[in-house]
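Using the sequences and the accompanying hints, generate a full structural model.
Whatever position you read off the sequence shown (first residue = 1), add 1 for our numbering.
Calculated from the structure, these hints are not laboratory results.
Every residue, glycine too, gets a C-beta built ideally from N, C-alpha and C.
Derived Cβ-Cβ restraints for the label pairs, each shown as a range:
no.	residue 1	residue 2	range
1	Q40	A109	56 to 62 Å
2	N71	L45	32 to 38 Å
3	W72	L45	33 to 39 Å
Only pairs whose alpha carbons sit at most 20 Å apart, straight line, appear in this in silico SDA-like list of lysine to any residue:
no.	residue 1	residue 2
4	K60	L70
5	K60	T44
6	K60	L45
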Amino acid sequence: MTSVEILSFSDHRVGAVLSEKAAVRQLQDDLLNERLVQQQQLTLLGPQQSDPEKQLISKPDPELASNMLNWHIYLGAIGLILAFLLAGWLVNYGPMFTQANPYLTFIALLSPGLFLGYSHQA
Numbered sequence: 002m003t004s005v006e007i008l009s010f011s012d013h014r015v016g017a018v019l020s021e022k023a024a025v026r027q028l029q030d031d032l033l034n035e036r037l038v039q040q041q042q043l044t045l046l047g048p049q050q051s052d053p054e055k056q057l058i059s060k061p062d063p064e065l066a067s068n069m070l071n072w073h074i075y076l077g078a079i080g081l082i083l084a085f086l087l088a089g090w091l092v093n094y095g096p097m098f099t100q101a102n103p104y105l106t107f108i109a110l111l112s113p114g115l116f117l118g119y120s121h122q123a
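Next comes the structure, spelled out in structure tokens:
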């Protein structure tokens, strides 16, 4: 009896539980011949293996980490600049309570601008 289970929609992993070794080899050959998966994407686990979930977890991608860090810094800087411009505009042209204490206005707007910029990831 063959069962196929979708493990994740984001990386398109599929698991199959097969009762015979011949069925495993046939499925592996079919997947490779149809070029549905590459050899390095195929992981075969036996019933005697302990902790099979550790073998199925994908390795962290250093490019992804670098990309996230770059966007984190970029969006934080954009949030900081926009908050700085808005605070400057409020100190010059805004209501009297923002003009009366410009330092507090800048602090009050720069903090949320910085944190909101850092919290939004692409």
